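Engineer: Please arrange chain B on chain A, whose structure you already have, making use of the hints.
Residue numbers (numbering that gives the first Met the number 0), protein chains in the order written: chain A, 0 to 294; chain B, 0 to 388.
Hints in this document: simulated from the structure, not taken from any laboratory. Nothing here was measured: the structure is a model prediction, and the numbers come from that model. Heads up, some of the hints might be wrong.
[Unchecked claim] Which stretches of chain B does chain A cover? Using the computed rule of at least three CB atoms under 8 Å from a CB of chain A, they are:
#1 65–72
#2 101–108
#3 129–143
#4 201–213
Glycine included, each C-beta is placed from N, C-alpha and C at the ideal position.
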Amino acid sequence: MSIFVDSDTKVVYQGLTGSQGRYYGLLNRDYGTQVVAGTNPRKAGTDVDGIPVYATVAEAVAETGATASCIFIPAPGVHEAVLEAARGGVEFIVAITEGVPAHDEADLYNRLRRDFPDVRLLGPNCPGIISPGQCNIGITAGHIALPGGPVGIVSRSGTLTYQALFELKEKGIGCTTCVGIGGDPVPGTSFIDCLAAFEADPETKAVMMIGEIGGSAEEEAAEFIADHMTKPVSAYVAGVTAPPGKKMGHAGAIVSGGRGTAAAKMDALRAAGVRVGLNPTEAGEHMADIVADLG
Amino acid sequence: MDLFEYQGKQFFARYGMPVSPGEIAFSVEEAVAAAERIGTPVMVKAQVHTGGRGKAGGVKFAATIDDVREHAANILGLDISGHVVGRVWIELASDIAEEYYASFTLDRSARKHLGMLSAEGGVEIETVADENPDAIAKVWIDPVDGLDEAAARAWVAAGNLPEAAVEGTVDILQKLYTAYVDGDADLVEINPLILTPDGRIHVLDAKVTLDGSAVFRHEDYAVFDETQTRDERETAAHARGLQYVGLDGSVGVIANGAGLAMSTVDVLNQVGGSPANFLDIGGGANAEVMAGALEVINNDPAVRSIFINIFGGITRGEEVANGIIGALERVRIDAPIVIRLDGTNAEEGRAILEPHLSDTLQMAPTMLEAARQAVELAASARTDENREA
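Just chain A, with the same shape it has in the complex (with noise of 0.2 Å):
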């Protein structure tokens, strides 16, 4: 089992004819992803390596029954994208492209849950979602990942989330579903839509959590811990030591006014009996310790 994605799961990229779209798309296809089709309106009726190309998502939906999409094209065009690709039918889309204004982004999020309920968007600016052995959509390199489980992970940072896949391979532990929500101000996926969906996942045993500095993503997250969950959590948050006020690369990752530290999302954890690690390799150290505990 897994969450969000599965082998069942047929992807159009958006974008899929642009440099970045091509090479990712095929590798998810190598991978075992079942890529259907692509879309650019210019180029409908080619194909990139076999994929069809089709002008709308709403036309290769209609040809190939895709159901999710990930979308490669340029930050000015992700707000139409993802509506094209909510329109178009897909219940998940995954948006990479980084650099998406944040108030497009706070649009897309309403916008979303009002007309079209029940689609999820994972992104933007985030590295995508792979279910180990089944479906990779995004840019993880999927041979770092153990299928089978019984860990879950959630994660706002890009290579953090690759650390600690390896970090679990390296001591022969699996993953049922490895989620990159992304770390900007809006993401269409919050950490608490992947806690509650591990949750429920009978196969997922634990959940392996990396958090960033700034918001208050953590401490929601923290409270949702203590509330609903039975499942053990490890946590890792980066930017212990991030001076105040300093964007650190993401858009997300900035502290401001006091707010939104490390410290403060590590003790909210901590209180929700989640097992923080001070760097990734002891969240990893903790992660191995639950599982050991499972039995």
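Structural biologist: Coordinates of chain B only, in the frame set by chain A:
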């Protein structure tokens, strides 16, 4: 992108908000000439990307041209929390009956825009929030709906502003919201928003932060990018398109991915070291990007050692290793380097690095060990320097 006050006022004026006539001045002579054109009395206001200007003596009332000369001379060059004043805004002084506060920003946990209005303006809103939270009227706005007049009116009523201020404030809040949305701002703040004795609502200060990601639909924002406060290192990194933040330690940091770079900074601190910077070179790690990153770090005189922390995902270990070797052939690096290479094909990558290793190019198996080595190297470099001195 943080705007100076005067840029914020010019930004607001585009959306029809009332601001005072004023001019920017870079010298005492320019300040005097500006005041002569505007007519006294004027305010002389330091333009810096930080708060607390008034307390630091950076905002002065000038009744006469002689006052302008004196205040401009004192304020230009003034150090306000590490920001040296290079320009002053000369603005026609306003009569004030009352001071209010108004702002819009994104509430990330509500995923809605948050408007705040208070009849207690002129002081820091954090202070009002602590001491008298009920004095702040908050409104959460769904971006799909926007802020219509009825909602603005209800909000102003909740803010308990006096009758004389209501119409003007309802109008200006809608304009401020339009500026916030259409202008792609992360924050717009007017503090104080004033009521004049003759009953006008007027913008007396402006704090604006624009979303750097939205520049593609605002070509004119390039001018604001030029006035961002960056130290020399940050300017050099920005020119190379690198994500760099200057810190004040001695270990230079290069990592791929913002999270890993932050984590690297954390681990260095944990083992008793002090990072000189945060530098994210992004997903790939080819020779060109690596060389640019090394150049930026090498130009920082405080750097005593360098920690390169790369996790190969799609980018394989061999490519990373070749990138590092290629960069080192292009750039002469003074400080010793410690590399930690993990992830995809890390072993192959390490094998490529192996023959190049020396006292000044070391490799460590884990992030923690690499951090310890880099910190030790930085410490011994400092000891050597002291000995030479």
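Engineer: For each hint, tell me whether it holds in the structure or not.
Structural biologist: These are the hints, each one checked on the structure:
1. 65–72: violated (count 0)
2. 101–108: Result for this restraint: holds, n = 3.
3. 129–143: holds (count 3)
4. 201–213: holds (count 3)
Comparing the model with each numbered hint stated earlier shows that hint 1 is the single one that does not hold.
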